[in-house]
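Since the structure of chain U is already known, use the hints to place chain G on it.
Read top to bottom, the protein sequences are chains U and G. Numbering-wise (numbering that gives the first Met the number 0), the first sequence opens with residue 0 and increments by one. Numbering-wise (numbering that gives the first Met the number 0), the second sequence opens with residue 0 and increments by one.
By construction, these hints were calculated from the structure, which means they are not laboratory data. No experiment lies behind these values; they were computed from the predicted model shown. We put the CB at the ideal spot given by N, CA and C, even for glycine. Any given hint could be a false lead.
To be verified - Every beta carbon over 10 Å from chain G, so not counted as near; a handful from chain U, in silico:
hint, residue
1, GLY110
2, ARG191
3, ARG257
4, TRP265
5, ILE351
Said to hold, decoys possible - Below, computed lysine-lysine pairings styled on DSS-like, alpha-carbon distance capped at 27 Å:
hint, chain 1, residue 1, chain 2, residue 2
6, U, LYS401, G, LYS92
7, U, LYS256, U, LYS74
8, U, LYS6, U, LYS74
9, G, LYS136, U, LYS401
10, G, LYS92, G, LYS136
What the hints assert, rightly or not - Distance ranges between label pairs, derived from CB positions:
hint, chain 1, residue 1, chain 2, residue 2, range
11, U, GLU17, G, PHE46, 33 to 41 Å
12, G, PRO2, U, ALA358, 15 to 23 Å
13, G, PRO48, U, SER400, 25 to 33 Å
14, U, GLU135, G, LYS92, 48 to 56 Å
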Amino acid sequence: MTLDVQKIREDFPILSREVYGRPLVYFDNAATSQKPRQVIEALVRYYEHYNANIHRAIHCLGEEATNAYEEARAKVAAFINAPSPECIVFTRNTTEAINLVAYTWGRANVGPDSEVLLTLLEHHSNIIPWQRLAAEKGATVRYIGITDSQALELNGLENLMDASTRLLAVTQVSNAVGTINPAEKLIEEAHRNGTTVLVDGAQSAPHMAVDVQAMNCDFFAFSSHKMLGPTGVGVLYGRRELLEEMEPFLAGGEMIKRVTEEGATWNDIPWKFEAGTPNIADVIAFGAALDYLDELGMENVRAHEIEITEYALSRLRELEGLIIYGPPDAADRGGVVSVNYADLHPHDIGTILDRHGVAVRAGHHCAQPLMRSLGVAGTARASFYVYNTQEEVDVLVDALSKARSFFANGAD
Amino acid sequence: MAPTREEEYARQEAELDELYRQVIIDHYRNPRHRGSLPSPTASHEGFNPLCGDEVTVDLLVNGGVIQDVAFNGAGCSISQSSASLMTEAVIGKPVQEAESLIREFTAMMTGSDEIDLEALGDLEALMGVRKFPVRVKCATLAWHTLHEALEEAESGG
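One chain only, chain U, in its complex shape (with noise of 0.2 Å):
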């Protein structure tokens, strides 16, 4: 089933707006998504009707966002299909899921003679935890290299890893280049290794249907604004003997069972994980998302991502010059593309598509291990969503290309 577009657009008020006279082409999905009507009304009905602090309240209100909380906790958990939400750690974003792995499951399993196994194709928030971590215990972080089109350099899988290597820590779907990596593959080898894998869904999640355990990772972690959801909320996925046998992170109020003046018993998983207040209304709110998407159905959110990459990916091919990153093919790719004109800065090309009324991302995009190795400073880059249409490609296409013009007359 194709995705209903201008079905969807109209549940997006932000998508009605203009910038600079023009409609807003807004291709910096990857960045962070739109949100629509049904999860902005989600955050305004906790808050007119039942915001109270969950938990430990004795009254209807307190109840009520109790519930609710956990029931947005219950989405997450069939919507990446763990096997109970107790296995769902709710966090700030992304990032804040991998530095508790790094700080809690790390600091237990990572010693001097350690290594945390990577790939060039990581953002920087599954970069920097693991060398903060190597730092502290003098372990050593290797990465797996890519290929000519950004796929990972899979060659002699199997001696990637051996005894040494505590952690494979790998993205899904690469936010700068938009690859998609073979991670049961990767989960497979690793484990027959007796490695532990973190799979960082942050690409993934929002845009095809993940299964952990089909997948059969041991930690997965993603954030529900780039999934329609409010900014503020990260998931941990972790399996339960992994989560149970981890120390807490944050420590204070509701992650204890019970406390005295020496110390502290620690509360059941997830809570033991999350100290103090959290944020109630945005987790309630990212539920609303999930429904959304479960409404869309994510084959075919996927499927209509495919169609866009394909036809942006054909329709770029067409413009002289132009440098497009990633694998050739839409399938094996999400919906980002990756460009760059040879003579031009990549925050010039952004600045002349703002003003055509397109935003996309120009710069390192927190990958600057991969923008390096490719040799460039960063890269202009387009992600698409649910909402997009290719009317809206052909918008970029013809900003790229005014780009292009502008400096070829201004060439000697």
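Just chain G now, with coordinates in the frame of chain U:
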């Protein structure tokens, strides 16, 4: 009356034309005094972590006068052309004059109305950046770096 769509489009085109003036693109493509000095009095590296623009300014100061300047770096057309234009503007100038030009240029970029266009000369080509607030930092990077280098030269010599 609100501008028509066509008027708004034309205004945006004009602002882009103003941003990417021939002078800017010429200096971007053919930067002047690009490189480093063999034995500089001071050398300073400027960096804009937001967009990754980098500019290193080498400075040769003698008798309170800037004898030579060279810059190296990587970044967008605005940051690099601004650095190139800057080298031409300050070579041969007394340090005090260069410092006041830095103030004048920064004032222009931050939208001050009391600017001496005559003193700015060719630098006036960068006026168009004012309509693009997120790019102002690109234009001022080299100038902040020059200021740091001048202070370094002062304290070192």
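When you look at the beta carbon of U:ARG257, is every beta carbon of chain G farther off than 10 Å?
holds (46 Å)
Take the C-alpha atoms of U:LYS256 and U:LYS74, compute the straight-line distance between them, and say whether it is at most 27 Å.
holds (26 Å)
Does the Cβ-Cβ separation between U:GLU17 and G:PHE46 fall within 33 to 41 Å?
holds (36 Å)
Hint consistency between U:LYS6 and U:LYS74 [alpha-carbon to alpha-carbon, up to 27 Å]
Measuring from Cα to Cα gives roughly 24 Å; hence the hint holds.
Would the pair G:LYS92 and G:LYS136 pass a check requiring their Cα atoms to be no farther apart than 27 Å?
holds (24 Å)
U:ILE351 remote from chain G - nearest C-beta pair above 10 Å
At about 6 Å from chain G, U:ILE351 fails to clear the 10 Å cut-off, so the statement is violated.
Note whether the CB distance of U:GLU135 and G:LYS92 lies within 48 to 56 Å or breaks it.
holds (50 Å)
Are the Cα atoms of U:LYS401 and G:LYS92 separated by 27 Å or less?
Violated. U:LYS401 to G:LYS92 sits at ~40 Å, over the 27 Å cutoff.
Go ahead and decide if the range 15 to 23 Å is satisfied by the Cβ distance of G:PRO2 to U:ALA358.
The hinted range 15 to 23 Å holds for G:PRO2 and U:ALA358, with Cβ atoms some 22 Å apart.
For U:GLY110, is the shortest beta carbon distance to chain G beyond 10 Å?
holds (33 Å)
Given as non-interface: U:ARG191, which should sit over 10 Å from chain G by C-beta
It holds; U:ARG191 is separated from chain G by about 40 Å at its closest Cβ, greater than 10 Å.
Taking only the CA atoms, is the gap from G:LYS136 to U:LYS401 under or equal to 27 Å?
holds (24 Å)
The structure shown violates the earlier hints numbered 5 and 6.
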